[in-house]
Amino acid sequence: MRPPSLYVPGSTPVHRADPVTKGVWAASLTLAGFLVPDWRGLALLFLLNAAVLARAGVLRRVAGLVLASALLVVTFFVAQGLTHAGSGEVAFRAAGLPFYREGLVFALTLAFRLWNTILAMGVLVLTTRPQDLVAALLMRGFPPRAGYAVASVVQLLPTVWAAVAAVLDAQRSRGVETDGGLGRRLRALLPMLGPLVMASLTAAQERAVALEVRGFSRKGPRTVFRPVADMPGALAVRSLGLALFAASAAWRAVL
Amino acid sequence: MQARSVWSLRLTTFMVALIPIAVAVNFVGKYVAQVLRLPLWLDSIGTVLAAILGGPVVGALAGAVNNVFYGLVQDPVSFWYAVTSVFIGLAAGYLAYRGWTKTPAAAVGLGVAVAVVAAVVSTPLNVLLWGGTTGNVWGDALFTSLRLSGFPVWIASFLDEFVIDLPDKVITVFVAYLIFRGLPERLVAQAGAVAARDAD
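For the protein sequence lines, the chains are A and B, in the order given. So the first sequence is numbered by the numbering used here: it starts at 1 and just counts up by one. So the second sequence is numbered by the numbering used here: it starts at 1 and just counts up by one.
Since the hints were derived computationally from the structure, they do not count as laboratory data. Careful, some of the hints might be misleading.
Some chain B residues judged to face chain A by a derived CB distance under 10 Å, without partners named [unchecked claim]:
| hint | residue |
| --- | --- |
| 1 | LEU18 |
| 2 | LEU36 |
| 3 | ALA62 |
| 4 | LEU128 |
| 5 | THR134 |
| 6 | TRP154 |
| 7 | LEU187 |
Just so you have them, the derived chain B footprint on chain A, three or more residues with Cβ under 8 Å [claimed, not checked]:
| hint | region |
| --- | --- |
| 8 | 4 to 14 |
| 9 | 37 to 50 |
| 10 | 75 to 82 |
| 11 | 121 to 127 |
| 12 | 133 to 144 |
| 13 | 191 to 199 |
| 14 | 206 to 220 |
Computed spacing ranges between beta-carbons, pair by pair [stated by the list, open to error]:
| hint | chain 1 | residue 1 | chain 2 | residue 2 | range |
| --- | --- | --- | --- | --- | --- |
| 15 | A | ALA247 | B | LEU9 | 32 to 40 Å |
| 16 | A | ALA250 | B | PRO184 | 58 to 66 Å |
| 17 | A | ARG214 | B | LEU125 | 34 to 42 Å |
Since the structure is predicted, the reported quantities are computational estimates derived from the model, not experimental observations. Glycine included, every Cβ here is placed at the ideal spot set by N, Cα and C.
Given only the sequences and the hints, what does the whole structure look like? Please build it.
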């Protein structure tokens with residue numbers, strides 16, 4: 001059992017691009033997706049991000065994420081198709097219920113917004129180790145204590161994940177029922193989580209001491225263990241991202 | 001020594017160390033809920049526990065870091081809902097400070113309050129981002145039937161979110177409360193635990 005991760009290791013230009021530039025790109029294109037009022041415009045953003053992801057060799061991974069959103073997309077089409085009547089033009093009827101054309105178009109827009117979010121953020125999260133992102137942010141003045149809080153989760157999760165497996169086995173062998181009715185499964189929650197939380201909090205205490213003796217509360221500038229270099233052309237990529245965002249905002253304002 | 005304000009932004013090192021632990025506990029809660037096939041998310045037990053132990057500021061930071069991290073390793077859409085997590089942490093931390101963790105009944109009240117806050121904060125996000133639905137089949141079925149009976153989008157969307165949040169947050173907070181009650185005094189004191197435990 002492995003802790004969750006979206007990062008796909010690689011050495012493509014997208015992987016090597018500096019995390020802050022990818023972050024600016026991901027944020028501008030995600031927000032742009034929510035400003036573009038028409039699904040055809042969103043489809044263009046979708047294709048643009050898909051091309052970047054293809055270059056990074058992570059299309060398969062992102063396709064998995066898009067498929068995982070299928071249920072959400074189905075609810076868009078059912079909920080909006082049935083209720084968003086607009087001019088009242090009925091596209092088709094299913095089980096005697098009318099599905100409105102405008103509602104279905106709106107649902108398509110929502111679906112593309114969701115996919116655009118997944119793809120745009122994917123450019124950042126699928127190609128960047130979380131530690132590198134934090135290091136890059138720290139180098140630009142992100143508070144070190146906040147940086148620690150994010151980066152240490154990466155180190156912590158594998159340890160905690162191993163403990164989960166151990167506690168599940170131990171409690172089952174002591175006769176804690178993890179099958180059966182809902183009430184019985186709910187009651188199993190505490191014997192499972194209690195020891196894990198307890199062990200984690202003790203670990204937090206030890207970490208606090210370890211951090212303190214290493215000068216965690218010290219004031220003044222910090223150095224970074226794994227410096228992340230700005231890539232050539234970073235400015236151009238960031239400007240393009242921001243320009244697309246501005247264009248989407250303008251499109252929204254005009255319509 | 002001057003008493004520390006519950007809203008103070010000056011965190012002790014232990015409070016900072018508590019934040020990643022809270023995020024890990026959130027992940028574990030979600031995973032255990034899946035193992036036990038519970039129809040709940042239970043993905044904010046750590047946030048609530050950090051809020052009870054360290055106060056609203058620690059709770060809010062744990063919530064924010066949780067969604068940023070979850071967005072990085074699991075689901076990119078989660079970044080948007082960092083706002084909800086921050087408010088869950090703030091509400092749980094402040095109400096725990098006001099004594100809502102003294103008795104089991106108060107803890108249930110805290111769960112209901114957290115559910116209301118979570119639904120109120122999530123509703124504008126759900127409406128603006130996704131036209132009001134949440135992606136939960138039962139909630140969205142309710143949304144659709146309310147809309148068909150003529151309810152406004154905002155009310156239908158709030159109830160869509162609230163019917164899922166209510167059981168989820170009440171159980172989340174109650175589990176966090178039971179764990180909090182069982183913690184050794186030494187640890188609770190070190191966390192700066194603003195929340196009071198009943199004398200037992």
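Index of numbered hints that the structure contradicts, given in increasing order: Result: hints 6, 9 and 12 break, sorted rising.
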